[in-house]
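Enquirer: 1 is the number of the first residue of the sequence shown in this note's numbering; add one for each residue after it.
Hints are supplied without guarantee of correctness; some may be wrong.
Under the rule of at most 35 Å between Cα atoms (straight-line distance), these lysine-lysine pairs were calculated in the DSBU-like manner [said to hold, decoys possible]: (1) K150 with K101; (2) K125 with K11; (3) K108 with K133; (4) K120 with K136; (5) K162 with K136; (6) K133 with K101; (7) K40 with K162; (8) K162 with K133; (9) K101 with K70; (10) K133 with K120; (11) K11 with K150; (12) K101 with K162; (13) K183 with K12; (14) K108 with K150; (15) K136 with K101; (16) K101 with K125; (17) K133 with K40; (18) K162 with K4; (19) K162 with K108; (20) K150 with K162; (21) K183 with K40; (22) K12 with K70; (23) K70 with K40; (24) K70 with K11; (25) K40 with K11; (26) K183 with K11; (27) K136 with K125; (28) K120 with K12; (29) K4 with K183; (30) K108 with K125.
No wet-lab data here; the hints were simulated from the structure.
All values reported here derive from a predicted model rather than from experimental measurement.
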Amino acid sequence: MELKLYIAIIKKNILIITLITFLGAAIAFYLSLNLQSGYKFAQTFYILDQNTVPSLPADTAQNSYFTQEKARNFTDTAVAILTSPDFTGDLDIQGSISVRKQAPQVIKITTLAQDQEAAKSLMEKVITSFNAKILKLQPSSAFQINAIGKVPDPEPANPSPKIVLAFGAASGFVVALITVGLKTYFRL
Numbered sequence: 001m002e003l004k005l006y007i008a009i010i011k012k013n014i015l016i017i018t019l020i021t022f023l024g025a026a027i028a029f030y031l032s033l034n035l036q037s038g039y040k041f042a043q044t045f046y047i048l049d050q051n052t053v054p055s056l057p058a059d060t061a062q063n064s065y066f067t068q069e070k071a072r073n074f075t076d077t078a079v080a081i082l083t084s085p086d087f088t089g090d091l092d093i094q095g096s097i098s099v100r101k102q103a104p105q106v107i108k109i110t111t112l113a114q115d116q117e118a119a120k121s122l123m124e125k126v127i128t129s130f131n132a133k134i135l136k137l138q139p140s141s142a143f144q145i146n147a148i149g150k151v152p153d154p155e156p157a158n159p160s161p162k163i164v165l166a167f168g169a170a171s172g173f174v175v176a177l178i179t180v181g182l183k184t185y186f187r188l
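Given only the sequences and the hints, what does the whole structure look like? Please build it.
Expert: This is the structure:
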């Protein structure tokens, strides 16, 4: 079919396309207002070997290098432990946890809970439980996660209504085009 024919079909059914597009936008906007809201608390942590001393003599530079490499390699282990169902199941949490490795020895932990205090307490519970679990798994290990910078305030974790509205309108438009295409194909 030629472009003129497509344009003619769209002009003929512009009312249906407009109605379904607005319906999709309205449904998306309504859902964005009623989605479960909560508070997101994200903090960055540095994985550190507590046995390392900052002022090492020059002859132990090689030893310092291997200690740092062990800490870098431990980052993947820390992320695996923090995201494992066993770890989150032991905590009996009311919310969710996500962990992301940002750099060697640097991870970002994000907690999501119903209110600000629950998000903060969940973060504290995760940190203390993780450090205790590492000592339990390997008593000779001195690895711990330490917070970097000041503690931020939890922020609301609601989706942006503008983005959801645009997505709903785009989805409605696609559904409208499919509907018009099927209507034209079956000559209804």
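Enquirer: Run every hint past the structure and note whether it holds.
Expert: Against the structure, the hints:
The suggested pairing of K150 with K101 holds, with an alpha-carbon distance near 19 Å, which does not exceed 35 Å. For the hint pairing K125 with K11, the CA-to-CA distance comes to about 60 Å; that exceeds 35 Å, so the pair is violated. Only pairs whose Cα atoms come within 35 Å are accepted, and K108 paired with K133 is accepted, the gap being roughly 18 Å. Distance hint between K120 and K136 is fulfilled; the C-alpha atoms sit about 24 Å from each other, no more than 35 Å.
For the hint linking K162 to K136, the alpha-carbon distance of about 48 Å lies beyond 35 Å, and the restraint is violated. Using a Cα cut-off of 35 Å, the hinted pair K133 and K101 holds, with the two alpha carbons roughly 19 Å apart. Our distance criterion of 35 Å between C-alpha atoms is met by K40 and K162, whose separation comes to about 20 Å. A hinted pair counts as satisfied when its Cα atoms are at most 35 Å apart, and K162 with K133 does not qualify at roughly 43 Å.
Between K101 and K70 the alpha-carbon distance is near 16 Å, which keeps this suggested pair within the 35 Å criterion. About 20 Å separates the Cα atoms of K133 and K120, which keeps this hinted pair within 35 Å; it holds. For the hint linking K11 to K150, the alpha-carbon distance of about 58 Å lies beyond 35 Å, and the restraint is violated. The suggested pairing of K101 with K162 holds, with an alpha-carbon distance near 30 Å, which does not exceed 35 Å.
Under the criterion of a C-alpha separation no larger than 35 Å, the hint pairing K183 with K12 is consistent with the structure, at around 12 Å. Restraint check for K108 and K150: the C-alpha separation of about 14 Å stays at or below 35 Å, so the hint holds. This hinted pair checks out: K136 and K101 have alpha carbons roughly 23 Å apart, not beyond 35 Å. Among the hinted pairs, K101 with K125 is consistent with the structure: their alpha-carbon atoms are about 20 Å apart, no more than 35 Å.
Taken as a hint, the K133 and K40 pair is honoured in the structure, with Cα atoms around 24 Å apart against an allowance of 35 Å. The suggested pairing of K162 with K4 holds, with an alpha-carbon distance near 34 Å, which does not exceed 35 Å. Note on K162 and K108: the hinted pairing holds, with a Cα-Cα distance of about 27 Å set against a maximum of 35 Å. For the hint linking K150 to K162, the alpha-carbon distance of about 31 Å falls within 35 Å, and the restraint holds.
Using a Cα cut-off of 35 Å, the hinted pair K183 and K40 is violated, with the two alpha carbons roughly 45 Å apart. With a C-alpha separation of about 68 Å, the suggested pair K12 and K70 falls outside the 35 Å cut-off, and the hint is violated. At most 35 Å may separate the alpha-carbon atoms for a hinted pair to count; K70 and K40 meet this at roughly 31 Å. At most 35 Å may separate the alpha-carbon atoms for a hinted pair to count; K70 and K11 exceed this at roughly 66 Å.
Note on K40 and K11: the hinted pairing is violated, with a Cα-Cα distance of about 46 Å set against a maximum of 35 Å. A hinted pair counts as satisfied when its Cα atoms are at most 35 Å apart, and K183 with K11 qualifies at roughly 14 Å. For the hint pairing K136 with K125, the CA-to-CA distance comes to about 16 Å; that is within 35 Å, so the pair holds. Between K120 and K12 the alpha-carbon distance is near 57 Å, which puts this suggested pair outside the 35 Å criterion.
Simply put, K4 and K183 have alpha-carbon atoms about 18 Å apart, close enough for the 35 Å limit, and the pair holds. Annotation: proposed proximity of K108 to K125 holds, straight-line Cα distance about 15 Å (limit 35 Å).
Comparing the model with each numbered hint stated earlier shows that hints 2, 5, 8, 11, 21, 22, 24, 25 and 28 do not hold.
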